[in-house]
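**Q** Protein sequence lines correspond, in order, to chains A and B.
Heads up: the first sequence runs through residues 0 to 354, numbered per numbering that gives the first Met the number 0.
Heads up: the second sequence runs through residues 0 to 243, numbered per numbering that gives the first Met the number 0.
I should point out that these hints are in silico values taken from the structure, not numbers from a laboratory.
In this text the structure is predicted, and so the values were computed from the model without any measurement.
Backbone N, C-alpha and C fix where the C-beta goes; we use that ideal spot for every residue, glycine too.
Worth double-checking, as some hints may not be accurate.
Now the in silico label distances, taken between C-beta atoms and shown as ranges [as the list claims (entries may be wrong)]: (1) Glu-221(A) to Asn-168(B): 20 to 30 Å; (2) Phe-127(A) to Lys-242(B): 41 to 51 Å; (3) Gln-50(A) to Gly-128(B): 31 to 41 Å; (4) Ser-60(A) to Ser-200(B): 48 to 58 Å; (5) Asn-168(B) to Ser-60(A): 17 to 27 Å; (6) Glu-329(A) to His-16(B): 51 to 61 Å; (7) Lys-7(A) to Val-54(B): 47 to 57 Å.
Here are the simulated BS3-like cross-link-like pairs (lysine-lysine), alpha carbons at most 27 Å apart as the crow flies [to be verified]: (8) Lys-242(B) to Lys-49(A); (9) Lys-49(A) to Lys-226(B); (10) Lys-295(A) to Lys-233(A); (11) Lys-209(A) to Lys-165(B); (12) Lys-84(B) to Lys-49(A).
Computed, partial: chain B to chain A, Cβ under 8 Å [stated by the list, open to error]: (13) Tyr-56; (14) Asp-60; (15) Phe-61; (16) Val-63; (17) Ala-66; (18) Arg-70; (19) Val-74; (20) Ala-75; (21) Gly-77; (22) Ser-98; (23) Ala-102; (24) Gln-183; (25) Glu-231; (26) Lys-234.
The primary structure of each chain is shown beneath.
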Amino acid sequence: MKNSRQQKRRLMTGNEAMAEAAVKAGCDFYAGYPITPQNEIIAYMAKAMKQCGRAFIQAESELAAINMVFGASSTGRRSMTSSSSPGISLKQEGISYLAGAELPAVIINVMRGGPGLGNIAPSQADYFQTTRGGGHGDYFTPALSPWSVEEAGELTVLAFDLADYYRNPVLVLADAVIGQMMEPVSLKFKKVFKKNLPKKDWALGCLKKKSPKVVKSFFLKEGLLELHNLKLEKKWEQIKKSEQRFSTYKVKDAEILIVAYGSQARMAKEAVDILRKQNINSGLFRPISLWPYPEKGLRKTAEKLKRLVVVEQSLGQMVDDVRLALPEKEVYFLGKTGGGVPSTLDIVKFVKKQI
Amino acid sequence: MKKKFSRPQSLKDVSTHYCSGCGHGILHRLVAEVVDELGLRDKIIGVAPVGCAVVAYDYWDFDVSEAAHGRALAVATGIKRCLPKNVVFTYQGDGDLASIGLAETVHAANRGENLTCIFVNNACYGMTGGQMAPTTVVGQRTATTPWGRDPGSGEGWPLHLSEMLKDLNGVTYIVRSSVSSPKQVVKTRQYIKKAFMNQISRKGFSLVEVLSSCPTIWQKSALESVKWIEEEMVKEFPLGVIKE
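So that you can see chain A by itself, here it is in the shape it has in the complex:
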């Protein structure tokens, strides 16, 4: 017989957990287009959304999917799409439009190897694209990166709240390891961001006794776009101030800090334990929000340290943000590209070399 604890937990992939979390977060509309390694999301949504009487569309392309989300979002409904790296590139135009029109939406990217068609192996090489905007124009999108299946669900729920609170698209940036691996999850996905989300009085579809609503990102008259973009900038500043998220592991007495996110942080955590057994006091700093980058937390954690090691499944992208946050520190980089993953032992070896 199962005990109550077991009954509440289920074995799920990260992809399924993000899909289930979206349903739990009240996602009313999902549109997507198949691409590996996130196909479990679209399949899960096809079933779950229809069972809940909510809208699901398998779109004809990534372009159509993100623009369907634009339409759904403009009605004030919670909307989501998901894809993987090459598909996210296609969605970038739509993400820029969403940001320009201040529409909330959740976009999940389960990263794979690139550039181009690349491969379907794990990668973290969309960091620049994600944290620097990705589409055209002056805009930023908050980006959250989970390191476990449970957290993949939690951050998806948080992403919906952040999107609604700031009226901005929010990205959940998972890598293929997180998307594909299975872990027991609680299905609670409890972390609620803010209880009082603003009323969506800008949404289309109810003109009764009100003036017409327009959803747009187009400001042709001289000076108007500048004003609009400055308004967006104020919002970014607010997000930068309030939404920096990170976690740490054994940093109090650490002499060397490893910085990693997503599945790579799992390996870095294990490396910390191995290093400590060899009397090397290391610690882990894990950014959860990649934009805004948790620079305040990083500076505080690394205050007394001289050296840092950044590990990524790329040729070095987040390492730039670490160097920007800590210009006076020695920052070493270990990375693999093209679907390669620096292993725990790779990290141990690399850290030892820097000491």
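Keeping the supplied structure of chain A fixed, place chain B upon it in accordance with the hints.
**A** What follows is chain B alone, placed relative to chain A:
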């Protein structure tokens, strides 16, 4: 005396930015008249295109969303799936609907989205300075077909979007008219009304193609433009009901 004619409630009391002789002014008004007549002002949602009609929301007095170039029917699909009781339409030009957004057009039609699409065909890209559109007729000079569109030199033939869509099961109603004469304007109004009524009675995808003039890009007077529609354009794009 009873008032017989006035500005529709759904049309704002402002001047438009359109060139003289352009068909958008007439079409905006026709849409607004039909919205008023059917009492839809509080439940209609328009999707404006990229192109000359990009600021249609400055003229219509009801809810409107913008859409990226070509994606109006995807945006409309998202809106309609969330608000099935509202009446949703797109207003798109030939470049938008038949070129960059062809995939969205075909698939929204094929899914039988319960939407209304108003397709303004002026055989060129107006806003960007008059380049060749999929609907540019053979021999027509544009900025990118300076010697006239020549199918033999790789420029292709005019695309008959309405005829292309008619065999799709999801499509309920396709009709082609023009704004080149009072008679055609009246017909166009009836077609638009029918297309909206189809949506209200959940019949699926309706498209009204309207041949419209672009005197500035065609480098013709308003009157010459009207004549060009009636003498040249209709040869390539015959008017009438294509599917019902």
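**Q** It remains to establish, for every hint, whether it holds in the given structure.
**A** Against the structure, the hints:
no.	hint	verdict
1	Glu-221(A) to Asn-168(B): 20 to 30 Å	violated (49 Å)
2	Phe-127(A) to Lys-242(B): 41 to 51 Å	holds (48 Å)
3	Gln-50(A) to Gly-128(B): 31 to 41 Å	violated (51 Å)
4	Ser-60(A) to Ser-200(B): 48 to 58 Å	violated (30 Å)
5	Asn-168(B) to Ser-60(A): 17 to 27 Å	holds (21 Å)
6	Glu-329(A) to His-16(B): 51 to 61 Å	holds (59 Å)
7	Lys-7(A) to Val-54(B): 47 to 57 Å	holds (53 Å)
8	Lys-242(B) to Lys-49(A)	violated (32 Å)
9	Lys-49(A) to Lys-226(B)	violated (52 Å)
10	Lys-295(A) to Lys-233(A)	holds (19 Å)
11	Lys-209(A) to Lys-165(B)	violated (39 Å)
12	Lys-84(B) to Lys-49(A)	holds (18 Å)
13	Tyr-56	holds (4 Å)
14	Asp-60	holds (6 Å)
15	Phe-61	holds (5 Å)
16	Val-63	holds (5 Å)
17	Ala-66	holds (7 Å)
18	Arg-70	holds (4 Å)
19	Val-74	holds (4 Å)
20	Ala-75	holds (6 Å)
21	Gly-77	holds (3 Å)
22	Ser-98	violated (14 Å)
23	Ala-102	holds (5 Å)
24	Gln-183	violated (29 Å)
25	Glu-231	violated (33 Å)
26	Lys-234	violated (33 Å)
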